[in-house]
Amino acid sequence: MSLSAKVGVVAAFWLAVALVQTFNWGEGIPKAIVLLLILLGMAGATVVALGGQATPLPVSLQRAIPIALGLCLAAEIAYLGARILHPHLIDIATTTLAAGDALLKGGNPYALPIDAGPETAGFTGYKYLPVMIATFLPLGAPFGERGILATNLVLFFACVWMMRQLAHSTLAPLLLAMLPLVPEQIFAKGATDLAAVLPLLGALAACERSSFAAGICVGLSIAAKPLPGAMFLPCLIPHDGKWRYGAGILVGLAPVLPFLWLSPRDLFSNVVLFNLSRAADATSWLHAAPTPAKYAAVLVLAAAFLASAAYVSGRAVSLVTRCGIGTMLTNAAILAGPGAHHNYQLWWLPFSCLVLARLLAPSRDAACQDFALRYTEAAEVDASRGP
0 MSLSAKVGVV AAFWLAVALV QTFNWGEGIP KAIVLLLILL GMAGATVVAL
50 GGQATPLPVS LQRAIPIALG LCLAAEIAYL GARILHPHLI DIATTTLAAG
100 DALLKGGNPY ALPIDAGPET AGFTGYKYLP VMIATFLPLG APFGERGILA
150 TNLVLFFACV WMMRQLAHST LAPLLLAMLP LVPEQIFAKG ATDLAAVLPL
200 LGALAACERS SFAAGICVGL SIAAKPLPGA MFLPCLIPHD GKWRYGAGIL
250 VGLAPVLPFL WLSPRDLFSN VVLFNLSRAA DATSWLHAAP TPAKYAAVLV
300 LAAAFLASAA YVSGRAVSLV TRCGIGTMLT NAAILAGPGA HHNYQLWWLP
350 FSCLVLARLL APSRDAACQD FALRYTEAAE VDASRGP
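One point on numbering: in numbering that gives the first Met the number 0, the residue at position 326 of the sequence shown is 325, and numbering is uninterrupted.
Bear in mind the hints are in silico, worked out from the structure with no lab data behind them.
Distance ranges between label pairs, derived from CB positions: (1) 23 with 297: 18 to 26 Å; (2) 42 with 256: 32 to 40 Å; (3) 104 with 47: 51 to 59 Å.
Where is the CB? At the ideal position from N, CA and C, for every residue including glycine.
Construct all of the structure, not just a fragment, from the sequences and the given hints.
Okay, structure coming up:
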């Protein structure tokens, strides 16, 4: 791939994410078209990345990438500094603060009227899961909304560091940091979704060494918020050690158990039943679609989920394959769901950036070869241990 083609890929990715950010309420159809194009493009990018046909980046460009990343991170810190003075956060942040406050006072956030939005009639408890509360409680309790934004800064830098470790390159985190949607959501809106994304990056790192640890990370992600963790369940299935992976997921889900024991009905109603009963809003193409289209979208998602599980469980696959499949499944879940809100895009952006970094990086570079092949080597070690 020539340098001009690589620049074109980065430009197309930036434009696609910008369009997703631009299309909002009342524009569900054009947003769905862009998300579908991203899904298809990610499939192609994953296949090409695995082909190993990329040419090296110029040395001057390789040197400029870490500098560009540093500038992007400095700009995001400055943006946070401006927003943290007078925060105006969305409901995912404010209800998380309320849930933490209720917990500190000995209450059950799933049984209290924490979420009183117009679409929550009959479901007024907290809509997310305990790991989300625990993540934002240390800074949220003493500092309120500013604590949410400070925690998001920590989570964002942790994601950047994890992406750097996974790809052995600063290109992947640069691709994420250059997207305006990311700071807008985590520093202006206070979206808390990175609490569910960071454990999945940890699962990608752990799956090379321990399927049990990978399972714990996936379980922790789901115990923060059901999506995107549920869509990464099949992507992280190990070639061997599937029972250890399943056991790890159960351990990761353990923080949910006290609330399940206290009030299973409230927990199920607010976290599961509420989402199943939600009508499609104006950010989704399903808002004006006939009922059969909604069922068809769910069936397509279920088929893709099962096909991905069968494909991944039957072979040792690379990290880039796992990221590509996870990105596609997550986009499919957004397309099949009742909303396509901006903060949902945080679910797949870090993983798509890892795929694109592998696509754009030179195949002859030892670090990038390592990124593609480390899991295969680890799978051989796992195989020697037995199931």
